[in-house]
Amino acid sequence: MSIIKTKNLVHEFIRRDEERNVESITTALDHVSLDVKQGQFIAILGHNGSGKSTLAKHINALLMPSEGTIWVDGMDVSEEKNIIDVRKSAGMVFQNPDNQIIASVVEEDVGFGPENLGVPTEEILKRVDASLHAVGMEKFRRHSPNKLSGGQKQRVAIAGVVAMEPKCIVFDEPTAMLDPNGRKEVLAAAHALNREKGVTVLWITHYMEEVVEADHVYVMENGKIIMDGTPRAVFSKVDELKAHRLDVPQITLLADFLKKDGLPLSSGILKREELVHELTAICKTYGVHPKTGQQNPKEEKEQSPKDAALDGNMMILDHVNYRYSQGTAYQIQALKDVNLNIAKGEFIGIIGHTGSGKSTLIQHLNGLLRAESGHIYVDGADIYDEDYDMRELRGRVGLVFQYPEHQLFGTTNFEDVCFGPKNKGLDKRTVELRAYEALQNVRFPEELYYQPPFDLSGGQKRRVAIAGVLAMKPEVLILDEPTAGLDPAGRDEILDLIADMHKELGITVILVSHSMEDVAKYVDRIIVMNQGEVLYDDVPKTVFRHYKELESIGLAAPQVTYLMHELREQGLPVDLDATTLQEAEQSILNAMQ
Amino acid sequence: MIRDITIGQYYPADSVIHKLDPRVKLFATLIYIIALFCFKGILGLCIITVCLMSVIRLSKVPFSYMVKGLKAIVILLLITAFFNLVFTPGEIVFWKFWRFQITDVGITNSVIMTLRLIYLILGTSLMTLTTTPNQLTDGLEKALSPLNKINIPVHAIAMMMSIALRFIPILMEETDKIMKAQMARGADFEHGNIFRRAKNMVPLLVPLMVSAFRRADDLALAMEARCYNGGAGRTKMKPLQYRRDDRIAYGICLLFLVIVAAARILLSFPQ
Numbered sequence: 001m002s003i004i005k006t007k008n009l010v011h012e013f014i015r016r017d018e019e020r021n022v023e024s025i026t027t028a029l030d031h032v033s034l035d036v037k038q039g040q041f042i043a044i045l046g047h048n049g050s051g052k053s054t055l056a057k058h059i060n061a062l063l064m065p066s067e068g069t070i071w072v073d074g075m076d077v078s079e080e081k082n083i084i085d086v087r088k089s090a091g092m093v094f095q096n097p098d099n100q101i102i103a104s105v106v107e108e109d110v111g112f113g114p115e116n117l118g119v120p121t122e123e124i125l126k127r128v129d130a131s132l133h134a135v136g137m138e139k140f141r142r143h144s145p146n147k148l149s150g151g152q153k154q155r156v157a158i159a160g161v162v163a164m165e166p167k168c169i170v171f172d173e174p175t176a177m178l179d180p181n182g183r184k185e186v187l188a189a190a191h192a193l194n195r196e197k198g199v200t201v202l203w204i205t206h207y208m209e210e211v212v213e214a215d216h217v218y219v220m221e222n223g224k225i226i227m228d229g230t231p232r233a234v235f236s237k238v239d240e241l242k243a244h245r246l247d248v249p250q251i252t253l254l255a256d257f258l259k260k261d262g263l264p265l266s267s268g269i270l271k272r273e274e275l276v277h278e279l280t281a282i283c284k285t286y287g288v289h290p291k292t293g294q295q296n297p298k299e300e301k302e303q304s305p306k307d308a309a310l311d312g313n314m315m316i317l318d319h320v321n322y323r324y325s326q327g328t329a330y331q332i333q334a335l336k337d338v339n340l341n342i343a344k345g346e347f348i349g350i351i352g353h354t355g356s357g358k359s360t361l362i363q364h365l366n367g368l369l370r371a372e373s374g375h376i377y378v379d380g381a382d383i384y385d386e387d388y389d390m391r392e393l394r395g396r397v398g399l400v401f402q403y404p405e406h407q408l409f410g411t412t413n414f415e416d417v418c419f420g421p422k423n424k425g426l427d428k429r430t431v432e433l434r435a436y437e438a439l440q441n442v443r444f445p446e447e448l449y450y451q452p453p454f455d456l457s458g459g460q461k462r463r464v465a466i467a468g469v470l471a472m473k474p475e476v477l478i479l480d481e482p483t484a485g486l487d488p489a490g491r492d493e494i495l496d497l498i499a500d501m502h503k504e505l506g507i508t509v510i511l512v513s514h515s516m517e518d519v520a521k522y523v524d525r526i527i528v529m530n531q532g533e534v535l536y537d538d539v540p541k542t543v544f545r546h547y548k549e550l551e552s553i554g555l556a557a558p559q560v561t562y563l564m565h566e567l568r569e570q571g572l573p574v575d576l577d578a579t580t581l582q583e584a585e586q587s588i589l590n591a592m593q
Numbered sequence: 594m595i596r597d598i599t600i601g602q603y604y605p606a607d608s609v610i611h612k613l614d615p616r617v618k619l620f621a622t623l624i625y626i627i628a629l630f631c632f633k634g635i636l637g638l639c640i641i642t643v644c645l646m647s648v649i650r651l652s653k654v655p656f657s658y659m660v661k662g663l664k665a666i667v668i669l670l671l672i673t674a675f676f677n678l679v680f681t682p683g684e685i686v687f688w689k690f691w692r693f694q695i696t697d698v699g700i701t702n703s704v705i706m707t708l709r710l711i712y713l714i715l716g717t718s719l720m721t722l723t724t725t726p727n728q729l730t731d732g733l734e735k736a737l738s739p740l741n742k743i744n745i746p747v748h749a750i751a752m753m754m755s756i757a758l759r760f761i762p763i764l765m766e767e768t769d770k771i772m773k774a775q776m777a778r779g780a781d782f783e784h785g786n787i788f789r790r791a792k793n794m795v796p797l798l799v800p801l802m803v804s805a806f807r808r809a810d811d812l813a814l815a816m817e818a819r820c821y822n823g824g825a826g827r828t829k830m831k832p833l834q835y836r837r838d839d840r841i842a843y844g845i846c847l848l849f850l851v852i853v854a855a856a857r858i859l860l861s862f863p864q
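If you're matching them up, the sequences are chains W and H in order. Read in the numbering used here, the first sequence has 310 at position 310, and its numbers run on one by one without any break. Read in the numbering used here, the second sequence has 603 at position 10, and its numbers run on one by one without any break.
Hints in this document: simulated from the structure, not taken from any laboratory. It is possible that some hints are incorrect.
As the list claims (entries may be wrong) - Straight-line C-alpha distance at most 30 angstroms; calculated DSBU-like pairs for lysine-lysine:
no. : chain 1 : residue 1 : chain 2 : residue 2
1   : H       : Lys-773   : W       : Lys-428
2   : W       : Lys-88    : W       : Lys-237
3   : H       : Lys-831   : W       : Lys-197
What the hints assert, rightly or not - Some but not every residue of chain H turned toward chain W, in silico, with C-beta under 10 angstroms:
no. : residue
4   : Ala-749
5   : Met-752
6   : Ala-809
7   : Tyr-821
Positions of the beta carbon are idealized from the N, C-alpha and C atoms, including for glycine.
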């Protein structure tokens with residue numbers, strides 16, 4: 001039985017000026033037809049702005065179609081009398097975990113939906129119990145949502161929808177703002193609901209890894225459905241996906257490379273196990289005998305960046321300690337005896353899961369937080385000296401916070417970028433020159449310089465915000481999760497931009513991230529933080545050799561590292577230190593000659 | 594730091610006080626405030642102290658946690674104590690300089706006023722510490738429901754209050770973040786005269802407003818998606834119903850008021 005069915009669904013956003021004249025029309029949905037059966041797990045993929053959220057809002061009667069029809073559980077959504085019933089059958093979980101929880105206690109929030117439906121008290125309590133259990137949050141029922149992690153908040157939001165006993169739940173990018181662990185938690189909760197309670201799931205995302213287990217995938221672009229099929233069918237068209245600038249799971253991509261290199265692999269490989277299996281099978285049938293020799297990773301120590309750069313140290317952290325909420329019951333040791341040397345021109349990645357101390361660490365580097373004990377030296381001067389100029393330091397060490405676009409305030413983009421240099425007390429001409437240069441450096445389109453920042457897309461806003469820090473001409477640029485919330489295309493653009501700035505402007509870059517894949521591709525040195533301590537500090541290859549330890553602290557090494565180790569276990573003499581796709585491809589080909 | 598303030602936050606625990614009906618707690622707080630401002634003499638103070646302490650014990654909220662809430666008003670306390678101390682005329686003057694004088698009445702007044710303020714904060718924060726914001730607004734909604742008849746949208750007001758309470762910590766954190774982000778761009782929130790400082794707040798307030806509107810927008814959608822339709826036809830997950838404990842608590846409150854009043858009338862005569 002179909003639970004959601006649309007026929008030639010069209011939605012136009014009409015923008016009017018003050019006299020109600022039509023200014024512009026944006027077609028967000030363009031003749032979308034789809035049919036979802038009860039009990040399926042459906043994924044919808046697409047860039048930001050591809051129309052997937054607009055589609056989701058139709059399913060929940062939060063938007064009405066301009067043309068065409070949509071039926072939810074047999075009801076025509078555009079009929080006024082059906083609205084409450086439609087919302088009852090199709091619940092919705094939104095992107096931002098904070099902005100959808102209304103109550104200050106978990107259980108009261110979960111009860112909010114049933115209360116609105118007029119469910120009797122006894123029954124509400126039962127439903128709250130059951131739905132908190134379904135998402136594994138029963139332990140937190142009396143907690144305040146503010147003290148929960150992003151993944152936990154999102155599970156509370158799911159419980160809130162489950163308590164309304166919908167037949168179908170639409171997840172509108174529920175993982176976009178979460179860290180990798182949170183993403184796993186939420187995805188697992190959705191799968192459990194689908195499997196155990198038979199709830200139909202519509203999972204909207206731009207992370208390809210999340211849709212591998214789905215029953216059916218729709219790919220949207222410009223308001224149209226451009227591809228659909230099983231995950232295997234969709235992902236076997238690697239070139240087509242790439243042409244639409246969509247991401248493909250790393251393993252699928254690697255398999256595709258190898259296939260083009262002439263290995264007889266089947267197309268649309270989704271999981272690591274499949275690839276390992278097929279590669280070993282090829283070895284057997286073609287009688288390739290895995291070469292022995294170089295069993296262990298090269299033990300000769302590569303020169304670690306620390307030794308290499310000892311003379312050029314511009315920043316030294318010496319036994320730095322810091323505690324939050326010092327002297328209270330909530331005291332947290334956020335940094336524990338941190339010692340680091342940072343040389344001019346380095347490209348460093350700082351990795352750690354949420355709460356590992358990475359954000360605290362970078363706020364020390366430009367003096368926003370003051371260490372409780374220990375010293376920080378910049379170019380030989382102790383920044384805690386009384387006559388040290390902190391504002392000067394903040395000009396030299398630029399810090400771009402997470403979601404930096406939330407700090408924009410100027411009436412035009414250009415004006416906003418001027419803010420930093422203006423604060424330095426420079427004259428008007430220099431200020432404008434610097435703002436111009438900074439916007440050029442982030443490749444911001446010139447015709448938008450004098451537009452207000454609030455109309456831009458997420459990725460463009462982020463560029464303006466980064467330019468705002470660049471305009472201070474920092475020697476060190478620190479970026480806290482610069483790709484958070486962006487879609488894959490936006491993510492790659494920002495990362496490439498950062499890499500280019502490092503190369504062309506010669507600035508030292510410190511990139512904070514929880515994505516190993518991102519970091520492995522770009523940086524020369526990785527600092528792994530765990531519980532306020534520096535766990536590893538070395539070149540990526542050496543750090544990833546500890547992939548098992550990384551996993552035990554909730555971080556994962558790049559997919560490729562795992563693959564290499566598994567192939568080695570099967571007897572293939574591949575290079576365990578390969579971390580990027582290209583290296584892996586080369587190493588597998590060499591091993592299989 | 595902003596996040597260390599404990600006033601107005603809920604402290605989860607399993608106690609008799611936590612389980613009381615919010616209307617009882619509102620009423621008790623009202624009675625308590627009346628008592629606090631009309632008691633006289635050491636006996637009255639003792640009665641109030643004993644009652645307050647026993648209620649705090651019953652609530653299972655650690656006393657040290659409550660005292661932390663006082664940190665926010667230390668300055669106010671000092672000012673009150675100081676002014677009462679040096680400006681009250683009295684019979685016995687211990688010390689005099691120009692207009693300032695320390696007298697016996699001044700000392701008593703300053704001690705009493707400071708204690709009053711401390712007790713006021715402790716007592717009222719005990720209510721917010723033991724009552725979730727939602728219960729509190731539920732209580733207000735129900736207690737004020739007669740006002741519905743004269744077209745005051747009590748439900749909507751209560752809903753707005755509970756949402757405001759939910760978002761205060763979030764917006765505080767956001768303020769902290771934006772402030773740091775602008776400081777990283779060389780902004781200065783601490784120096785300059787009042788006009789300069791007001792002007793410097795623009796880079797903080799504009800993003801904060803933008804974010805508040807964005808959140809409001811998101812929240813409205815999320816509420817609609819969960820079939821929120823105003824107060825009509827809603828049921829309650831935790832409907833307010835008086836139980837035996839609540840009736841006893843009402844009784845205790847009244848008794849308390851009577852005793853404090855009696856202490857004032859009977860024992861202030863000899864003086």
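Consistency of the hints with the structure:
1. Distance restraint check for Lys-773 (chain H) and Lys-428 (chain W): the Cα-Cα separation of roughly 25 angstroms lies within the 30 angstroms cut-off, and the hinted pair is therefore satisfied.
2. Distance restraint check for Lys-88 (chain W) and Lys-237 (chain W): the Cα-Cα separation of roughly 37 angstroms exceeds the 30 angstroms cut-off, and the hinted pair is therefore not satisfied.
3. The hinted pair formed by Lys-831 (chain H) and Lys-197 (chain W) meets the criterion: a straight-line CA distance of about 26 angstroms does not exceed 30 angstroms.
4. Taking 10 angstroms as the C-beta contact cut-off toward chain W, the hint placing Ala-749 (chain H) at the interface is violated, the least distance being around 14 angstroms.
5. Annotation: Met-752 (chain H) was flagged as interfacial toward chain W, and the flag holds, the nearest CB pair being 8 angstroms apart, inside 10 angstroms.
6. Here the hint on Ala-809 (chain H) is kept, as its CB sits about 9 angstroms from the closest CB of chain W, short of 10 angstroms.
7. A least Cβ separation of about 5 angstroms between Tyr-821 (chain H) and chain W falls short of the 10 angstroms threshold, and the interface hint therefore holds.
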